[in-house]
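Okay, here's what each chain looks like letter by letter:
There are 2 protein chains.
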Amino acid sequence: MPKLPQKLYGPNNTMSNLTNEEREKGLTFLPKFDDKGLLSAVVTHYETGAVLMVAFMDAEALTATQASGLAHFHSRSRGKLWQKGESSGHVLKVQEILVDCDQDAIVLRCLPDGPTCHTGAASCFYRVLDGGSLQPSRLDPYVKGM
Amino acid sequence: MPKLPQKLYGPNNTMSNLTNEEREKGLTFLPKFDDKGLLSAVVTHYETGAVLMVAFMDAEALTATQASGLAHFHSRSRGKLWQKGESSGHVLKVQEILVDCDQDAIVLRCLPDGPTCHTGAASCFYRVLDGGSLQPSRLDPYVKGM
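Just so you know, the sequences run in chain order A and B. Residues in the first sequence are numbered consecutively from 1, following my numbering. Residues in the second sequence are numbered consecutively from 1, following my numbering.
Since the hints were made in silico from the structure, they are not lab data. All of these numbers come straight from a predicted model, not from anything done at the bench. There could be a bad hint or two in this list.
One copy or two, either will do: identical chains are not told apart, so a pair holds if it fits within one copy or between any two.
What the hints assert, rightly or not - Below, a list of computed lysine to any residue pairs in the SDA-like style, where the Cα atoms sit at most 20 Å apart: (1) Lys36 - Ala64; (2) Lys32 - Cys117; (3) Lys80 - Pro136; (4) Lys93 - Gly37; (5) Lys32 - Arg78; (6) Lys36 - Gly85; (7) Lys25 - Glu47; (8) Lys80 - Asp102; (9) Lys36 - Asp130; (10) Lys32 - Ser75; (11) Lys36 - Lys93; (12) Lys25 - Asp104; (13) Lys25 - His118; (14) Lys36 - Ser88; (15) Lys93 - Arg23; (16) Lys93 - Pro115; (17) Lys25 - Leu111; (18) Lys80 - Leu30; (19) Lys80 - Leu27; (20) Lys25 - Thr119; (21) Lys32 - Asn20; (22) Lys36 - Ser75; (23) Lys80 - Glu22; (24) Lys32 - Gly131.
Take the sequences, apply the hints, and build the full model.
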């Protein structure tokens, strides 16, 4: 994917006062970062549609993702850019990016190279909430095909 | 779903210093709220798996969701609880809640009663990023079946 100029969607871009209608109906990518310069990023499996992980991206992570085709995020705890799989090798190959109505969240449709979760699970969402406790998820897409 | 005592997962709960291992491998639901008392919530269609919307929940929204079986969120812009569909009637009936490894994100698997997006689209993710511009998504699950 081609790299976009940072000014197009940096947190301090001059287009932050767009009307809702422009953001919702327009064909220009104008991501709406929050007060920390972040937007929500959901990773789904390109083939099964399963949700694999959820993280945050800033303008830098978005640029790096588009430039490399591999998912990058912003670590809130470490305060810096990280590429998924940079140490494990379990990268996420981005096939398509979906953008939501007000452009403050995106979906990265990816082909994962190995398990996505650092625990070794195919998806980070390996447990289901059952009342007040957690149980292993029996959801097929989260067990196989990834 | 039964209502859980607020103290179990309020942002000021006394279990916030749990080890990563306890959060990742345990069977106790101990959501990890961020410094604003929020966690990420992804809504997917229970039958198709399509991502319908992404929002944030605080302890209050989580309690309201579990008590009612209808998705509630915390509006960051308005600073208050909102029930999806409270004005439109397009509620999200929660069928299952998935929790991620470090318990700072959840997936609400829902049956939507009407379009999820306030624009009238079935999913908020109705556009795909193509270079620097947006195009209507041709992804089947986002067009039909919802």
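Hints, verified against the model:
no. : hint           : in the structure
1   : Lys36 - Ala64  : within (18 Å within a copy, 27 Å between copies)
2   : Lys32 - Cys117 : between (27 Å within a copy, 17 Å between copies)
3   : Lys80 - Pro136 : neither (32 Å within a copy, 32 Å between copies)
4   : Lys93 - Gly37  : neither (24 Å within a copy, 32 Å between copies)
5   : Lys32 - Arg78  : between (22 Å within a copy, 16 Å between copies)
6   : Lys36 - Gly85  : neither (24 Å within a copy, 28 Å between copies)
7   : Lys25 - Glu47  : neither (28 Å within a copy, 27 Å between copies)
8   : Lys80 - Asp102 : between (25 Å within a copy, 19 Å between copies)
9   : Lys36 - Asp130 : neither (33 Å within a copy, 26 Å between copies)
10  : Lys32 - Ser75  : both (18 Å within a copy, 15 Å between copies)
11  : Lys36 - Lys93  : neither (26 Å within a copy, 32 Å between copies)
12  : Lys25 - Asp104 : within (14 Å within a copy, 31 Å between copies)
13  : Lys25 - His118 : between (37 Å within a copy, 12 Å between copies)
14  : Lys36 - Ser88  : neither (28 Å within a copy, 31 Å between copies)
15  : Lys93 - Arg23  : neither (27 Å within a copy, 28 Å between copies)
16  : Lys93 - Pro115 : within (13 Å within a copy, 30 Å between copies)
17  : Lys25 - Leu111 : neither (29 Å within a copy, 26 Å between copies)
18  : Lys80 - Leu30  : neither (22 Å within a copy, 26 Å between copies)
19  : Lys80 - Leu27  : neither (30 Å within a copy, 31 Å between copies)
20  : Lys25 - Thr119 : between (40 Å within a copy, 9 Å between copies)
21  : Lys32 - Asn20  : within (11 Å within a copy, 31 Å between copies)
22  : Lys36 - Ser75  : both (12 Å within a copy, 16 Å between copies)
23  : Lys80 - Glu22  : neither (31 Å within a copy, 25 Å between copies)
24  : Lys32 - Gly131 : between (35 Å within a copy, 17 Å between copies)
Checked against the numbered hints listed earlier, the structure breaks hints 3, 4, 6, 7, 9, 11, 14, 15, 17, 18, 19 and 23; every other hint is satisfied.
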